[in-house]
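A.B. asks: From just these sequences and the hints, can you work out the full model?
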Amino acid sequence: MLKELIEYIAKALVDHPDQVKVSEIEGEKTSVIELNVSKEDLGKVIGKQGRTARAMRTILSAASTKVKKRAVLEIIE
Amino acid sequence: MDYVEVEGKTYEEAVKKAAIELNAKEEDLEIEVKEIDTKGILGILGSKKVRIVARLKEKSQETESPEEYGVTFLRRITQMLGVPSEVKAKKVGDRIVFTLSSKEGNIFIGKNGEVMDALQFILRLAIAKKFKHGFKLLFDINGYREKRKKALLDLAKKLAQRVKRTGRPIKTEPLNAYERRTIHTYFKNDKVIQTKSEGDGPTKRVVISLKKDRKYENGKR
Numbered sequence: 001m002l003k004e005l006i007e008y009i010a011k012a013l014v015d016h017p018d019q020v021k022v023s024e025i026e027g028e029k030t031s032v033i034e035l036n037v038s039k040e041d042l043g044k045v046i047g048k049q050g051r052t053a054r055a056m057r058t059i060l061s062a063a064s065t066k067v068k069k070r071a072v073l074e075i076i077e
Numbered sequence: 001m002d003y004v005e006v007e008g009k010t011y012e013e014a015v016k017k018a019a020i021e022l023n024a025k026e027e028d029l030e031i032e033v034k035e036i037d038t039k040g041i042l043g044i045l046g047s048k049k050v051r052i053v054a055r056l057k058e059k060s061q062e063t064e065s066p067e068e069y070g071v072t073f074l075r076r077i078t079q080m081l082g083v084p085s086e087v088k089a090k091k092v093g094d095r096i097v098f099t100l101s102s103k104e105g106n107i108f109i110g111k112n113g114e115v116m117d118a119l120q121f122i123l124r125l126a127i128a129k130k131f132k133h134g135f136k137l138l139f140d141i142n143g144y145r146e147k148r149k150k151a152l153l154d155l156a157k158k159l160a161q162r163v164k165r166t167g168r169p170i171k172t173e174p175l176n177a178y179e180r181r182t183i184h185t186y187f188k189n190d191k192v193i194q195t196k197s198e199g200d201g202p203t204k205r206v207v208i209s210l211k212k213d214r215k216y217e218n219g220k221r
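These protein sequences, in sequence, are chains X and D.
Throughout the first sequence, residue numbering follows my numbering, covering 1 to 77 in sequence.
Throughout the second sequence, residue numbering follows my numbering, covering 1 to 221 in sequence.
To be clear, the hints were calculated from the coordinates, so they are not data collected in a lab.
A few of these clues could be false.
Short derived list, chain X residues pointing at chain D, Cβ under 10 angstroms [claimed, not checked]: (1) M1; (2) L2; (3) L5; (4) Y8; (5) A12; (6) V14; (7) D15; (8) H16; (9) K21; (10) K44; (11) T52.
Glycine is no exception: its CB is placed at the ideal position from the N, C-alpha and C atoms.
C.D. replies: If you want it as structure tokens, here you go:
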């Protein structure tokens, strides 16, 4: 669910939605959501001064309280 | 998504049938040919059959408005989180106002509205991306911004009273752009009080003080 959420948001922001790949590495208490985008789209998901990435992290942490699990977002090129 | 599978003697006939069944125009259909069955010798004689799957094309950019797209976008997010919500959009002046109502709305508001602001930020980006230019918009959940605005102005008025009494400027808590603007707008035509933003990024505050020129004039006379 968290994975799908990040995937949906990221695809709406980038030039190459087909190159958006999200994977979830589930830990016992914390999940790591890895967001992969094309090199040109890196700036789009990070944003000026990291504002977009920060907004996604804020939404992700709100969502993770809903599933009672901590989640962190990693952005990978 | 809605689709039909139909057969016709020719491709055109099949498309026509599909359009009638889906109650749509032929140009709004996406056609996938499943089977072309030519019986008889070299396909010239005997019966011919074309089987197609037709579905409605996703609404194109020309027909989908930013309001509709934004509502769909927010709805998808609430659905993904399994939070039953009602999302609406309306135009207020040159601004699109999106509203979400939900019993569990607090999850989308967050501390001091920070989740709501994050969603608004992402929503603005997604719409700008899709429609190739930005739109002024506002996202409110369960009337939170209205309530916050009232509380904010109550506080600002109280601070202004204190400034008038003491003559000394007062700084507010860190406020976001929208909140700062709310205060600036309120005092815009005030004869005694002036407001100004101070600081950087997330720590910007509003300074409420007495109008300088007024003080100067008074001092002169």
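A.B. asks: Now look at each hint and say whether the structure bears it out.
C.D. replies: Verification of the supplied hints:
no.	hint	verdict
1	M1	holds, 6 angstroms
2	L2	holds, 9 angstroms
3	L5	holds, 5 angstroms
4	Y8	holds, 6 angstroms
5	A12	holds, 4 angstroms
6	V14	holds, 8 angstroms
7	D15	holds, 8 angstroms
8	H16	violated, 12 angstroms
9	K21	violated, 18 angstroms
10	K44	holds, 8 angstroms
11	T52	holds, 7 angstroms
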